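Undergrad: Listed here are the chains, written in short residue letters.
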Amino acid sequence: MDTGIKEYILAIITQDMELVNGGGCPVFLAANQEEQEKIAIYISRILGGIVHDLENGVYFICKH
Amino acid sequence: MVILAGVLAGFLDRWILLRNDYRHYPTYPHGHLTHLALGFIAASLGAVAVPAIAEPDFVAVTFLVLAAQQFREIRNMERETLNKLEETKLVPRGQDYIEGIARVFEARNYLVILTALVSSTVVHLWGWPYALIAGPLCILFSGRLMSGSFIGDIAKIEKAELHFEGAILKVNDVVIMNVGLPMTREKILQEGMGVIIKPKDDNARLSLHAPGQRLAIIHDLVSILGTKVDINETELMPMARKQVDKGYLALFLLANEPDIDYLIEIIKKVPVLETTRGTTLSSFFGRKAAD
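Just so you know, the protein sequences line up as chains U and B, in that order.
Just so it is clear: in the first sequence, position 47 is 112 by our numbering, and no numbers are missing.
Just so it is clear: in the second sequence, position 82 is 530 by our numbering, and no numbers are missing.
If you are wondering where the hints come from, they were derived from the structure by calculation, not from laboratory data.
Hints are not guaranteed to be accurate.
[Unchecked claim] In silico lysine-lysine, BS3-like type, Cα no more than 30 Å apart, as pairs:
1. U:Lys128 - B:Lys532
2. B:Lys537 - U:Lys71
3. B:Lys537 - B:Lys717
4. B:Lys690 - U:Lys71
5. U:Lys71 - B:Lys676
6. B:Lys690 - U:Lys128
7. U:Lys128 - U:Lys71
8. U:Lys103 - B:Lys537
9. U:Lys103 - B:Lys676
10. B:Lys676 - U:Lys128
11. B:Lys635 - U:Lys128
12. B:Lys736 - B:Lys646
Keep in mind that this is a model prediction, so the values were computed, not measured.
Bound conformation, chain U alone (with noise of 0.2 Å):
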């Protein structure tokens, strides 16, 4: 039976720490756009997660 956190943040990827503020989920840093889609996608693949975007450079990861 699949026992994975669904409808949950998983991972949140940001090139500004401004932006995201409190915890409950790992934070990560990118230094470009190339970096923080890379790390987007690699976590997304290993969590079978979909990567989301809330349009300020901010990427999340969640699993539906």
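Fit chain B to the given chain U structure using the hints.
TA: Chain B in isolation, oriented as in the chain U frame:
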């Protein structure tokens, strides 16, 4: 002779009803055998009923009724198997679809009993040549009875355009989901297909509103056209979302066989599930509210 005619007609009926289509379950030889065997038993049950009453042997008739109860188990059997399989499916069938399939399998056996019963009665009363008429008629009738309505009957399906507003994927004016990666967005724009499913009336709108019905549509599409979803790569999951104001559905799919014309044909052939069928127009207030 009476029993033989009944059994033959019933068994044939079961065989014909057991269509071997990749969308339909079972597609496995063993599943086939199980159902043919059960169909044979059902046919025998129906066939011996009339001679038993004619004898008259009421104990035998009572036992027959008891035996008929066994066919209720078929529904449970199908439901259980399909539920087990569901756990490992990437694109699920959905509980509503499973329930529908299980019911159909149960109902088919009752039709087989009926066919066998009618055929053997006809032989008992008038002689065997009449079974050649009654049997095929019954089979035709049960075929007609088992074919429910399809999405094509209740809705119009049109090609639609996939586009992005920022990170939001839309099919025409319906929001589907938020897609983060530019790479994925490009892939969706290049290879994705979108359609709009417009219900013809209020009943149809309610049917399409049910998530179970949407899952059934998606499952049928995926089992024929394929999908680019894999374990741990669920970003390209096909989805059907509702235009909440107007009530029509937008469907989005990345298929291995990207052929939009067949996609529309397949959707038209998806059965309307019994459990999700909307019936608002047959209620007083439903009809009043509709206009």
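Undergrad: Report the numbers of all earlier hints that the structure fails to satisfy, in ascending order.
TA: none
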